[in-house]
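Chemist: Each step along the sequence shown adds one to the number in my numbering, with nothing skipped, and position 319 is 319.
You may find that some hints are simply not true.
[What the hints assert, rightly or not] Derived pair list, reagent style DSBU-like, types lysine-lysine, alpha-carbon separation capped at 35 Å:
no. : residue 1 : residue 2
1   : 491       : 534
2   : 534       : 608
3   : 534       : 293
4   : 491       : 623
[Said to hold, decoys possible] Quick list of the computed label-pair ranges, beta carbon to beta carbon:
no. : residue 1 : residue 2 : range
5   : 310       : 252       : 34 to 40 Å
6   : 83        : 172       : 19 to 25 Å
7   : 651       : 590       : 56 to 62 Å
8   : 651       : 372       : 50 to 56 Å
9   : 382       : 549       : 43 to 49 Å
10  : 263       : 153       : 40 to 46 Å
11  : 637       : 434       : 48 to 54 Å
12  : 46        : 183       : 19 to 25 Å
13  : 350       : 508       : 35 to 41 Å
14  : 204       : 108       : 37 to 43 Å
15  : 214       : 166       : 30 to 36 Å
16  : 434       : 585       : 42 to 48 Å
Treat the hints as calculated values from the structure; they're not laboratory data.
We put the CB at the ideal spot given by N, CA and C, even for glycine.
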Amino acid sequence: MYSHKKNYLQNVICFACLILSILTLFYSDTNAFQIDIQNILSLHKKQKKIRVIIEIESKQKQNDSNNSLDTINNATRKIVIQALKKMPLQIVKTFKYSPALAVEVDRSKLADLAGKAFIKNIYADTLSVPTLDQSVPFVGAVQSWQLGYAGQGQLIAIIDTGVDAEHEFFSGKIISEACFSSQSDSYNSQSICPEGLESSKGKNSAKPCSLDIKGCDHGTHVAGIAAGQNNQFSGVARDAGIMAIQVFSTFYDSSDNDNICKRMGRRSPCIMSFASDQIEALEYIYSQRNQWKIAAVNMSLSGGKPYAKPCDDDPRKSIIAKLYSAGIAVIASAGNNGYVKAIGAPACISEAISVGAVDNHDTIQPFSNSSDQLDFFAPGVAINSSIPGQQFCRMSGTSMAAPHVAGAWAIMRSKYPHASISEISDLLKSTGSILTDVRNNIKVSRIQVDFAASELQVLLPDKTINDKVDQKTWCYYRIPQPANECQYTVKMHDLSDDADLYLRQNDLPTLQNWDFRPYKGLRQTETIIFHAKKSSLWYVGIYGYQSASFKISLEYIPVHQLKIGDSDYGFLDQGEWRYYKIDFALPDQKIQVRLDGIKGDMDLFSQKSVLPDEKNFVGRSNKNGQTPEILKMQSSGSQTSMYIGVLGYQKGGYMICVEPFNPYP
1 MYSHKKNYLQ NVICFACLIL SILTLFYSDT NAFQIDIQNI LSLHKKQKKI
51 RVIIEIESKQ KQNDSNNSLD TINNATRKIV IQALKKMPLQ IVKTFKYSPA
101 LAVEVDRSKL ADLAGKAFIK NIYADTLSVP TLDQSVPFVG AVQSWQLGYA
151 GQGQLIAIID TGVDAEHEFF SGKIISEACF SSQSDSYNSQ SICPEGLESS
201 KGKNSAKPCS LDIKGCDHGT HVAGIAAGQN NQFSGVARDA GIMAIQVFST
251 FYDSSDNDNI CKRMGRRSPC IMSFASDQIE ALEYIYSQRN QWKIAAVNMS
301 LSGGKPYAKP CDDDPRKSII AKLYSAGIAV IASAGNNGYV KAIGAPACIS
351 EAISVGAVDN HDTIQPFSNS SDQLDFFAPG VAINSSIPGQ QFCRMSGTSM
401 AAPHVAGAWA IMRSKYPHAS ISEISDLLKS TGSILTDVRN NIKVSRIQVD
451 FAASELQVLL PDKTINDKVD QKTWCYYRIP QPANECQYTV KMHDLSDDAD
501 LYLRQNDLPT LQNWDFRPYK GLRQTETIIF HAKKSSLWYV GIYGYQSASF
551 KISLEYIPVH QLKIGDSDYG FLDQGEWRYY KIDFALPDQK IQVRLDGIKG
601 DMDLFSQKSV LPDEKNFVGR SNKNGQTPEI LKMQSSGSQT SMYIGVLGYQ
651 KGGYMICVEP FNPYP
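Using the sequences and the hints, build the whole thing.
Modeler: Structure, rendered in C-alpha cells:
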C-alpha cells in the first residue's frame, strides 16, 4: 500500500514539475531569440494577413525528467494552442513531430506575437514552386539492374504536384497516396485535395491539379524519372514503388494577396506550395516509416532566398532531421537560379541531399545552383518522362536531376538495406564521376550508380562491422589488397541465427565455389586465418540460412622482410605471432635464424611457402624459454625464400637475427 502511494506521489510531483517548467515560458520577461519581423513583413509588403510558422520554445530537455521529449513537446503544444486561441489569429496547421504551428495573423499584430516568451522563432510560411531513355543508362542504372539491383522492395516518396496513377508508366507502382493543400481566403488559395479538403489519404488523393495550370504535370514527370517503367524504357529504380504526395495549392491573383502569382513570376492561376504543407507531408512519411521500406523522399521544389550556408533555421529542418535519423534520405533540387555560391531551400538544410544538373556530356548547366553545400550532380537536361494523360515529354531543370538521385538511393537501399544515409552518400560520391564547376571551382560527384552498386563494403583491420543478412541471400565484403604479405584473420561472431562464413580469392564466394568455409554450427563464432600475398584480392561472404544479425571483424599481422645480416626486435603478448620472410640471395645458400635475448617463453617456426603455425611447419626450435633458439635452413631449386614465425607462449621480448651458416668452418 505504501509503495503505491509513494509511486502516485512521485508521478504527481513529476507532472507538476513538467507543467511548472512549461508555464515559466509564459511569464518570462523577454524572448531570448531575436526574431526578424521586418524580413517577414518585407515578403508580404501589401498583404493584410500573413501566414507564418511559429517554432515553440521548450526549456525542458529530454534528460531533465522521466518524461520523453515528445511528451514534453505535446504538453507544451497544448498550452501554447490555448494561449494562441485567445489572440487575434487563426491556427491553420498543427504538427505531431515538429515543435511548431502554422498561423495566419494580421501584419499589424505580428510584432506582438514575436514578443511572447513561449515562441522560440517565427518564420514566413514560404511558398515553393516546382522547379529518360538517355539519362538512365548515362548514370549506370541499366547496369545496376543487370547486377540484380533495381530498387526492389523499396518506396520513393514524391512530394510534388501529384502523380497520374492511371499512367501506364506507373502500373502497379503507386503504393500510397496523400494530399496536403491549403484553402486560404487571405492568400486567395484553393486546396487541390479531393473535395476541397485540406488533407486526404488514400486512393486518388495525389491526383494532379488541372493541366490548364502550368506545372501540374511536374510531379508525374518527376515520379517517372525516379521509378517509372514500361516496355520501352524505365526510370532509374524501375522496380521501386512510389508514395505519391500532393502538396501544392492553386492561387489566384487579387488585391488582398498583392497579386501573389505575378509577384512570384507566374501567371494566375498558379500553383505553389506552403512550407507548412510540406511539413505535413514529411510528417506523414515519418509516420509510415515502420509500415513501408521508404528509401528516399524526393522534393523537386524550391522557394525563398538562396542560402550560401546551411539553412538550419528553416522550419522543415526538424522533421527532415527526424527522417535522416530514421534512415530515410530527403533528396532536394538545388534550384534553377544560376547561383554559384548558394542553393535553394530545402536543399540547403544540413540533413538534406542537394542535387544540381548536368547534361548527358557532363556539362554543368548554367541554370543550376551550385555551392560548397552541393552533394551531387545528375542529368537534368531534356529528360524524357511521363506526364498526365498517357503522354511523355522532355523537361529540364534540377527538378529532373533530383529524382535520378532518389532512384539511385532506392537501388543502393535494395543492395545495402541496413546502410546509413552517410554510408550510401559516401559510396555514391566515391564511385561517381568528379566534375569541376568552372564557375566556382568546386568539385562535385555526378552519380554513377552501377559503380556504387558493384562496390563492396570494405573490411578494415581492427574495425568491427555490425550487419544483417536476409534469409537465402549473401552479404559480401572486400578485404583491402595488402601492400606487402600479411596474415589476415576474419572473424564472424555474435550471430542471432544461422549464417555461415565463406572466403574466396579473386571472386565472390558462392555455395559451390569458395576457398575457406570454417563451418561451426548454429550461432557459433567462425574464424578464417589465412596468408595473403602482396596485392592479392580476397572476398568475404556471409550466407544467411536464416535471417541473422552478426558482427564481422578483420585482424592484420604484417610479414616483415629480412635478409642475411638483418636483425629485429619484438615484443609479444601470450599467444601472439610475429612473422618474417627471408629471401635467399644465392642457390644452395645456408643460413641460420637465431632467436636471442628472450624474456619469456617463445618458439621459432619455419615453413617453405606459407606462414607457419603450430601444426604446419618444417622446422621448430623449442627450448622452453632457453636462449638462443636456432633454426638452420638452405635454399634449393625453386625454394628461394622461407617464412619464419615467432610465437609467444609467455609475454615478453626477443631479438631475431639472420646469419650465414657454414657447417664446415
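Chemist: Take the hints in turn and mark each one as holding or not.
Modeler: Structure-based check of all given hints:
1. 491 / 534: holds (21 Å)
2. 534 / 608: Holds. Residue 534 to residue 608 sits at ~17 Å (cutoff 35 Å).
3. 534 / 293: Answer violated: residue 534 to residue 293 is near 42 Å, above 35 Å.
4. 491 / 623: OK: residue 491 and residue 623 at ~32 Å, within 35 Å.
5. 310 / 252: 34 to 40 Å: holds (35 Å)
6. 83 / 172: 19 to 25 Å: violated (49 Å)
7. 651 / 590: 56 to 62 Å: This hint is violated: roughly 33 Å between Cβ atoms.
8. 651 / 372: 50 to 56 Å: holds (51 Å)
9. 382 / 549: 43 to 49 Å: holds (46 Å)
10. 263 / 153: 40 to 46 Å: holds (45 Å)
11. 637 / 434: 48 to 54 Å: holds (50 Å)
12. 46 / 183: 19 to 25 Å: Because 22 Å falls inside the window, the suggested range holds.
13. 350 / 508: 35 to 41 Å: The hinted range 35 to 41 Å holds for residue 350 and residue 508, with Cβ atoms some 37 Å apart.
14. 204 / 108: 37 to 43 Å: holds (42 Å)
15. 214 / 166: 30 to 36 Å: violated (21 Å)
16. 434 / 585: 42 to 48 Å: holds (46 Å)
Checked against the numbered hints listed earlier, the structure breaks hints 3, 6, 7 and 15; every other hint is satisfied.
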